[in-house]
Amino acid sequence: MFAFLLFVSDAQNAFKVRLSIKTALGDNAYAWDANEEYLFKAMVAFTMRRYSTKTTTQISNVLLCNVTDRVSFWFVVTDSSKNTTTVPGSEVEAAIRMNRNRINNAFLLSDKTLQFLKISSTLAPPVEPSTPVWLIVFGVVLCLIVAAIVFLVVAGIQQRKKKNKESTERENLEEKGEVTITIENGIPCETLDLKAGHINGVFSADDERFTSL
Amino acid sequence: GLAGVSTRVGVMDKSRPLWDNPVQFVFACISYAVGLGNVWRFPYLCQMYGGGGFLIPYFIMLIVEGMPLLYMELAVGQRMRQGSIGAWKIISPYLCGVGVASVVVSFFLSMYYNVINAWAFWYLFHSFQDPLPWATCPLNSNRTGYEEECEKTSSTQYFWYRQTLNISPSLEVSGAVQWEQALCLTLAWLVVYLCILRGTESTGKVVYVTASLPYCVLIIYLIRGLTLHGAVNGLIYMFTPKLEQLSNPKTWISAATQIFFSLGLGFGSLIAFASYNEPSNNCERHAIIVSLINSATSIFASIVTFSIYGFKATFNYESCINKVILLLLNAFDLEEGSLTADNLNEMKDYLMATHPQEYAQLLPQLKNCSLEAELDTAVQGTGLAFIVYSEAIKNMEVSQLYSVLYFVMLLMLGIGSMLGNTAAILTPLTDSKVIATRFPKEVISGVVCFINCIIGLIFTMEAGNYWFDIFNDYAATLSLLLIVLVETIAVCYIYGLRRFEKDLHTMIGRKLNWYWKVMWAFASPLLIISLFIFYLTDYILTGTLQYQAWDGTQGQLVTKDYPGYALAVIGLLVASSTMCIPLGALVTFVRKRLKRERVSTVA
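Protein sequence lines, in the order shown, are assigned to chains A and B. For reference, each letter of the first sequence is one residue, going 1 to 213 in full-length UniProt numbering. For reference, each letter of the second sequence is one residue, going 1 to 603 in full-length UniProt numbering.
Just so you know, the hints here were simulated from the structure itself, not pulled from any lab data. The model shown is predicted, which means the values in this text are computed figures rather than measured ones. Hints should not be assumed to be uniformly reliable.
Stated by the list, open to error - Result set (SDA-like, lysine to any residue): computed pairs, CA atoms no more than 25 Å apart in a straight line: (1) A:K112 with B:T136; (2) A:K118 with B:K323; (3) A:K161 with B:S202; (4) A:K161 with B:G199; (5) A:K41 with B:D333; (6) A:K118 with B:F332; (7) B:K433 with A:N164; (8) B:K205 with A:L144; (9) A:K163 with B:R198; (10) A:K118 with B:N322; (11) A:K118 with A:A94; (12) B:K205 with A:A148; (13) B:K433 with A:Q159; (14) A:K112 with B:L362; (15) B:K560 with B:F534; (16) A:K161 with B:G446; (17) A:K162 with B:P17; (18) B:K152 with B:D376; (19) B:K323 with B:Q365; (20) A:K22 with B:F315; (21) A:K112 with B:N330; (22) A:K41 with B:E336; (23) A:K165 with B:G199; (24) A:K161 with B:L429; (25) A:K118 with B:E151; (26) A:K118 with A:T85; (27) B:K394 with B:L326; (28) B:K433 with A:T168; (29) A:K16 with B:L366; (30) A:K112 with B:E151; (31) A:K16 with B:E358; (32) A:K118 with B:Y359; (33) A:K41 with A:S80; (34) A:K16 with B:Y359.
Unchecked claim - Listed next, with one range per pair, are the computed distances between beta-carbon atoms: (35) B:S576 with A:L142: 26 to 36 Å; (36) B:L246 with A:V150: 48 to 58 Å; (37) B:I454 with A:L142: 13 to 23 Å; (38) A:K112 with B:S154: 17 to 27 Å.
All residues carry an ideal CB built from backbone N, CA and C; glycine is no exception.
Bound-form chain A, shown alone (with noise of 0.2 Å):
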């Protein structure tokens, strides 16, 4: 009764949790009873002490309501100290920030399992790594085709220098061919020793008798 109307008149320092255990554990579910009960208020203190030294929370601070079958109920932290009066709700909100993380890994649960509905959690950063993985890749791949483009071309100069040298060398070698390896019906000039063949002196070159052009 006395709990019921501490929620009713300050309702702003009282926070709704609401776990989803089957979601996170699955087959490994525990079923939410007094004993687990006891361990939220328990944690709730802990985070109460941890937050600031001054208080003295004790587990019967800590007052839950309307447990549903969800599982989700209210919660308020009252101060003894004061008699009657709840805890301000930034304060809660602080303490229970601050130790999220302890609070989530006593029932196994996560930020997205047991929510605390008013206190939005900080979503974790993505791990971010100093250089970004795709220019790494990027550039080993860059490498690659720039050192294949490189071989190539260079190895196609190369080819058409050689060819190059080798034809003028085969005409070059042709030029002078044509002075040595002249056949004449079948039998190279070299053989045939022109000075030792008889000269017809009919048919010598005599310019004056042909008119000139």
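Based on the hints, put chain B in the right spot on chain A.
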């Protein structure tokens, strides 16, 4: 006796480079034809136009349009042994404009198509993180919740629109060049350059990989996809034929268009590839093989896509149900596990009866979850490839592995198509004596890649995706239809069907079947003319052209009108390629006239 005639090596023409073996040629054609369209367009069409029933118009169009036109292009290339400009010049000097138009369209295509490879690289590099970056929303500035834009839409859409594209709210707001995307684009062009650097020598080896690797990945995904929870829903949905769609003319038009664009006709790539063949190559058999494999791949890819769809739809449906259950549990403080998917409807009625007021308050938040609605969201294009698939992947186990495999597959498909596009541009350039004698082919390829890369930076700006959509929708569609129509008429009526038949007989050694002759002379041109008329009337009837813009504040796409200068660009894109055909004929006519006059004055 005469002195021996000396032959000098420099005077003789260098012989044309050839494929090492016919397998390389077939792989090159498959690699070019099997592209992203098979993966992201065909499943959409299948879904929209009657599921399993769509296969009927698809196969009819394949036989009437796909195979004949593919064979014709390969035969022209193999016979003329030149790129598109040279080949059509040989058929008739007035048709050099057709070749030029093909090169222009290929140029437009290669400008914007490689941006897709850049996006694939981006996603690939981001797949090496745990968890995948598109799996969760980033936190807002005071870390109390998630980014607002990400909350309104999903994390995968946010990753695509905000972190990849950084898209602006409309086309007018150009924004700055995104350096990350520019880097990926440069890398994509370097990869393409590496593959085309040595001409057929290097391309021939690369296509072994780009043609076969996507099939390996698709098989892995097929096995994975079929074993996913809920995949069967997607497959049943896809394959139940809705035969009433066959009476819808759009079904037939879509089938015809899909076959046409999927095979990549009219770009000049097929002519270029075939020009590197041995003259005695049996391109008839290859044409049939390539077109059948292309269609089979489309169906195969859509089986994979629909199992993924089914998985994603089931996952979303179950998440939706779970959200509703959680909402009801929290509102009415019921015990956990008392509400399940099975008893949800009865419990809803019960709660409505017992707590009418609270239920009424809650009603706007209770969404009606429906599996059909999830399956009905038909997506195509980049949305399917980058949003839907990545959403499905993030929910799989070992998602990094599947992500890497998938984006490598997209890359292979995209690069394979790029090889064909660049071949269509480079082959006419290397054939032309003016350019080829002055510059080695490495330099020509390098210059082409460089110019395309610089122009492609437009698509990395904040409004880049809107320009991409413009190019994707308008750069190639009308022009290609006109080009292929002119090609078919040219081969059949200007060059002469009998002359072509004789050429093929000398090349391949087999008589031409009447089926090919009938298709080339009548069926295919008629089909293309009707497609052309349909497209024109569609453009004229819809009036102003519109586009989908991403609204970050709402977290969804909104429809907007194109501004004036965008319409001008569209007009320019279509005109610059189609006008080449009559201009080419005109220029040739004028040149011949001038030559005749010059000859007559000299003599």
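Now for the hints, and whether the structure bears them out:
no.	hint	in the structure
1	A:K112 with B:T136	16 Å, holds
2	A:K118 with B:K323	20 Å, holds
3	A:K161 with B:S202	20 Å, holds
4	A:K161 with B:G199	18 Å, holds
5	A:K41 with B:D333	21 Å, holds
6	A:K118 with B:F332	18 Å, holds
7	B:K433 with A:N164	19 Å, holds
8	B:K205 with A:L144	18 Å, holds
9	A:K163 with B:R198	16 Å, holds
10	A:K118 with B:N322	23 Å, holds
11	A:K118 with A:A94	12 Å, holds
12	B:K205 with A:A148	14 Å, holds
13	B:K433 with A:Q159	21 Å, holds
14	A:K112 with B:L362	22 Å, holds
15	B:K560 with B:F534	24 Å, holds
16	A:K161 with B:G446	20 Å, holds
17	A:K162 with B:P17	19 Å, holds
18	B:K152 with B:D376	21 Å, holds
19	B:K323 with B:Q365	10 Å, holds
20	A:K22 with B:F315	21 Å, holds
21	A:K112 with B:N330	13 Å, holds
22	A:K41 with B:E336	22 Å, holds
23	A:K165 with B:G199	23 Å, holds
24	A:K161 with B:L429	23 Å, holds
25	A:K118 with B:E151	21 Å, holds
26	A:K118 with A:T85	20 Å, holds
27	B:K394 with B:L326	23 Å, holds
28	B:K433 with A:T168	22 Å, holds
29	A:K16 with B:L366	23 Å, holds
30	A:K112 with B:E151	17 Å, holds
31	A:K16 with B:E358	18 Å, holds
32	A:K118 with B:Y359	23 Å, holds
33	A:K41 with A:S80	15 Å, holds
34	A:K16 with B:Y359	21 Å, holds
35	B:S576 with A:L142: 26 to 36 Å	34 Å, holds
36	B:L246 with A:V150: 48 to 58 Å	56 Å, holds
37	B:I454 with A:L142: 13 to 23 Å	18 Å, holds
38	A:K112 with B:S154: 17 to 27 Å	19 Å, holds
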